[in-house]
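Fit chain Y to the given chain U structure using the hints.
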Amino acid sequence: MLQLLGSQLTESSMNREGNGNKEFVPEITAFTCIYCGYMSADTAGALRLTYPSNVKLVRLPCTGKVDVRYLLNAFEEGADGVYVVACPVGNCHHVHGNERAVRRVEFTKGLLDEIGIGSERLDIVFTTGGMGATFANAAREMTARVRELGPNPLKRR
Amino acid sequence: MPFKTERDTVGAMLVVGGGVGGMRAAVDAAECGFKVYLLERSPWIGGRVAQLGYMFPTHDCVLCRGTADHGYGCTKPTISPALLDFNLHPNIEILNNSDLINLRGRAGAFRVTVRRRPTYVSADRCINCGICSAVCPVSLPSPYEEALRPRKAIYKMAPRAVPNTYVVDKIPRCDTCRRCEAVCPTDAVRLDETEHEQQLEVGAIILSLGFSLPDPGEYEELGHGRYPNVIHSMEYERLASRSGPTEGVVMRPSDGERPNRIAWLQCIGSRDQKYPYCSSICCMYATKEAMVAKDRLGDVRCQIFMMDERAFNKEFNAYYEQAREEYQIEYTRCRVSEIKEDPETHDLLLHYPDEKGRMKEERFDMVVLSVGAHPPNSSQDLAEVLGIELNPYGFCETDKFAPLETTRPGIYVCGAFASPKEIAETILDAAGAAGDATRLMREHVGKLAASREFPFLGRLDHAPPERDVSAEEPRVGVFLCRCTPSVDGVVDVDEVACFAESMPHVTHVRPVEYGCLEHGLDTIRSDIEAHALNRVIVAACSHRTHEPLFQRVVREAGLNPYLLEMVNVREHCAWAHIDDPPGATRKAKELTRMALGRVLTAEPVHKLQVKPVRRALIVGGGVAGMTAALNIADAGYDVTLAEREPELGGNLRNVYYVAEPENPQRLLRDLINRTVGHERIDVLTETELVSHRGRVGDFSSVLRTQRDRSTVEVEVAHGATIVATGGREWRGDVYMLGRDSRVVTSEELEDIIAHRPEEITGLEQVVFIQCVRPPGGVEYCSRVCCTNTMKNANRIKMLNPGCQVVVLYQDIITYGFREAFYTEARERGVIFVRYDEDSMPSLSKLNGELELKVWDPSLERELTFNPDLLALSMAIEPSPGTDKLADILGVDLSSEGFFMEAHLKMRPMDFVSEGIFVCGMAHYPKFIEDAIANAQAAAGRALIILSKDRLYIGGVVAEVDQDRCVGCLTCVRTCPFEIPEVRHEDIGVGAIKGAAHIEVGLCQGCGTCVGECPAKAIHLINYRDEQIMAQSLGSWMPEISDAAASRVAAHGE
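Top line first, the protein sequences correspond to chains U and Y. Going by my numbering, the letters in the first sequence line up with residues 1 to 157, in that order. Going by my numbering, the letters in the second sequence line up with residues 1 to 1053, in that order.
It should be emphasised that the hints constitute simulated quantities derived from the structure, not laboratory data. Cβ atoms here follow ideal geometry from the backbone N, Cα and C, with glycine treated the same way. Careful: at least some of the hints might be erroneous.
[Unchecked claim] Rough simulated footprint, nothing fancy, chain U against chain Y, three-plus residues with beta-carbon under 8 Å:
1) 233-246
2) 298-307
3) 578-586
4) 974-988
5) 999-1012
6) 1015-1025
[As the list claims (entries may be wrong)] With a cut-off of at most 30 Å between alpha-carbon atoms, the simulated BS3-like pairs for lysine-lysine come out as follows:
7) Y/340 - Y/360
8) Y/400 - Y/274
9) U/155 - Y/1016
10) U/109 - Y/1016
11) Y/170 - Y/607
12) Y/356 - Y/340
Chain U extracted, bound-state conformation (with noise of 0.2 Å):
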């Protein structure tokens, strides 16, 4: 019966964007907790979601154990954009760690603010286990969003 609605989020999560500029290839970091949202990118990929294939995958035992510097570090190293993948607000294995990492983005997104990288380089997205396609949507835009700042004014040449 509902063939249909199944087909149609399928479609729009298959629509990929067009190559736009093709010199630059963001360098993508996004923390995952062992949960939700590694099991999401694992969905992604057992439904065969493609997504850009420049965005990494660091696993923590929980998205509450992002650090501030764990963020930070990664915009020193180089990293166009990050982003943190999070169980839905409610559902994390840790009660709240996820809620305390949207915290520490919140407060990264300033800083970088303040230091000329830009708050729009960091995110947070929360996915379930079986939402691959949402999974595989963050990246696409991510690396969309990415796309148009251009490069990390950090990286190292």
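Here is chain Y on its own, set in the frame of chain U:
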């Protein structure tokens, strides 16, 4: 009952049904040291719960809390699902796609014949690449998705099913093409497989058959199957599930549009002429579904059409209130008689009488039929094979006082097969059934223990001792799984291998064909030994599915399992970038480089060992406490049972009859006699708990007790603690209670009916008022009162048929088969009058007569009664001193004031603090049968601890570097589990008094405190900052990439 075995028993159990109950029972029995066969009719375990999106009232996504959708789950015990351990548990053997066809023997030594239907795919060889499914030409509706999505003939229920393998549904159309067989890279597809029979010897059988969904098509007037926008609740669950066909975006089936108005119709297939019982779960799940709709769709209007709102369990009432107040979900009391469809728009027209009886017609975009629970499809046949009896409704027949036992000794039942019930109660039953069965097989308890020494669960009898590699130079081995063609069809594995060789400290690189198959595992094991590797990287598939497997191999080769790092080159590279092979290869190299950074900084991790004290302390000697004590003692372990009152029995002392035929006073006598007489139970009456210290397996408590007419304090060492302190009927100054002898509580009424029935025969009018609660207190359903009122009202009608009996109520909550007592009361002429919460009945005295006034909302007028006897159904409140006891034990209380378990749904009998359990009314008001099942669950969980030779605690936990701690309390405030404490005796930086301490046995290892600690005085084992930062968090590797490219070119020569 204590089980005397004359002959040997078999140390194995059979669990029939692989839903959430079966999984829990299987894991608990396996943890107690039994061999467990888990038989499931379908190809995968998970059952109904696997289909659900969210659980009420916690709104946890069920995904990872124990369902096949994740198949793996959360790795932390506090929130761990039933499934995790199970996926890996060495004691459990899953017999999927199988039927039980014959049973012989007796309790303790059954011989079972099982028919194994072929799945046509060898689970040992299937690597889940999905190529077979991609080439399969047959498309069918997926039952798991309630036909909302198609599947192939060779398919998997969900991406993470257990067993994690594809199967062939060999429908007639699928016979000839054999394409799946041809393309399978590991020769796992065997289309010529035939069914075979298997004989099992087991000591006990636990039935967890679940329930079946009623066919909503039986109610033609509701249009299910004819109108596309009329769906049943399980279809809605899939629509609203994040793992469902729309990732949880609720859409109208007819056109994919967002619905603006949704109606839920309750009691479809329940509480009617044909199915007279209440399905118990639908009120709450409809509320949940409406709340999820509001969450996802914003301003959607949700209306629930119901008869009574049955929110009768812990935290349910608050949830229901939240739905009404905060979510603005509308509840209308009526049964909708017909649904019509507007054929153009497919909108639905509902005709219904409103609360005042006026007919209304309203238009909805979508209607959800809340289908209840019917007996499982296979129950009739299976009951015949097993020789057990079913009740008149087709569910399993049980005795009220032995709620987990079927009519045949040695066969136990749990979950919805006994009566419709939700997840938490199913889990309680399941743990209880495992606990109950333990008594029968007590000589085998703990025999087949699986150790939790390692991050994987297992027995390593033949593994070499762990090598100390601390002094060695790093010698890293990199194993690259080709997983042909899953990985190497996209990722250039040879290029990654060349790159790996170029990395520092890498001394051995080896691509393997299939790392997870026996040959691959052997290669890794022998290479580690042959090349004296001391760190290992396996670039293969997901950590979530395969890390424990490779950790085990590494350990078998003599290395600490934490010296392994995995790289996911399948799901995260080859599959996600199937359209970009160079990008996938580049990412695979980058991830391998990150892994090297991490593994070079990795350190071995060891857990602490505790040898458990083989005694349980049980606080509270009522029906729950005594049942738990007997269960543990019968299984062969010692118990100290502390009761505050001079006599055992608790509330059961005041129960003289129950709604069912059984005699509660006989149960009381029986329990007391067995408890007092049991050689393994020390009963201490007039005893209270003074202090409770230590950790799981090794507690020490002080009890204040009476000895030789003086108060003394005794110390008890014990491995586990069970809280069974119960509850009591609330007393307060309401409705002239205590001031007029004609006003009694239901407990007092029961005493009159039982002991002075002559007082009843002269009465002309008796009025019951339900839901009499302490004014201003937290509102919750006390669960037992409606049924108690039915039993008393029916008794009064039996003794005195001419007496008018009136029940004033808000919602009649006679859930499950108790609906029959409500029906009986109505048939006997008991009058039911509903009152609103806002206009409570008022009582006055006029010329010596009681005058009771109540506003009837359906008649829209005030009614006046002059009862000869007014019976108040008082709320059940926690036992006095509950808060003090919670303080001593260091555990929490729920909003209602009862003890708060670790997780409302998945761990209803455990506290967050390991080794402490709760049962009976201390948990929440409940019936005797529930208290018994709970007690057995708590006993079963305690036995898991008591039966172990060694407990292992710690591992990946947070550690405080007290030399850097300033005692600022940040960790105390941050920890989601309230574990850290700043202790006076610990010395912090600069020798200040007071530094943080994190109890290793309690820490859940999330690292939230680590991320927040301003002094960086805390680190998380296996996730130290050095380890994380060593993964080059920001930079990719252009220079190495170039170098690798030239090496690849050279390699090609």
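Each hint, compared with the structure:
1. 233-246: holds (count 7)
2. 298-307: Since three or more residues must qualify, the claim that chain U covers the region 298-307 of chain Y is violated, with 0 doing so at under 8 Å.
3. 578-586: Result for this restraint: holds, n = 6.
4. 974-988: Since three or more residues must qualify, the claim that chain U covers the region 974-988 of chain Y holds, with 3 doing so at under 8 Å.
5. 999-1012: holds (count 8)
6. 1015-1025: holds (count 3)
7. Y/340 - Y/360: Cα-Cα ~13 Å, so holds.
8. Y/400 - Y/274: At roughly 24 Å apart (the allowed maximum being 30 Å), residue 274 of chain Y and residue 400 of chain Y satisfy the hint.
9. U/155 - Y/1016: Between residue 155 of chain U and residue 1016 of chain Y the Cα gap is close to 28 Å, so the pair holds against 30 Å.
10. U/109 - Y/1016: Status holds; Cα separation ~21 Å.
11. Y/170 - Y/607: Given that 30 Å is the threshold and the Cα spacing comes to 48 Å, the pair is violated.
12. Y/356 - Y/340: holds (23 Å)
Figure legend: structure checked against the earlier numbered hints; hints not met, in rising order: 2 and 11.
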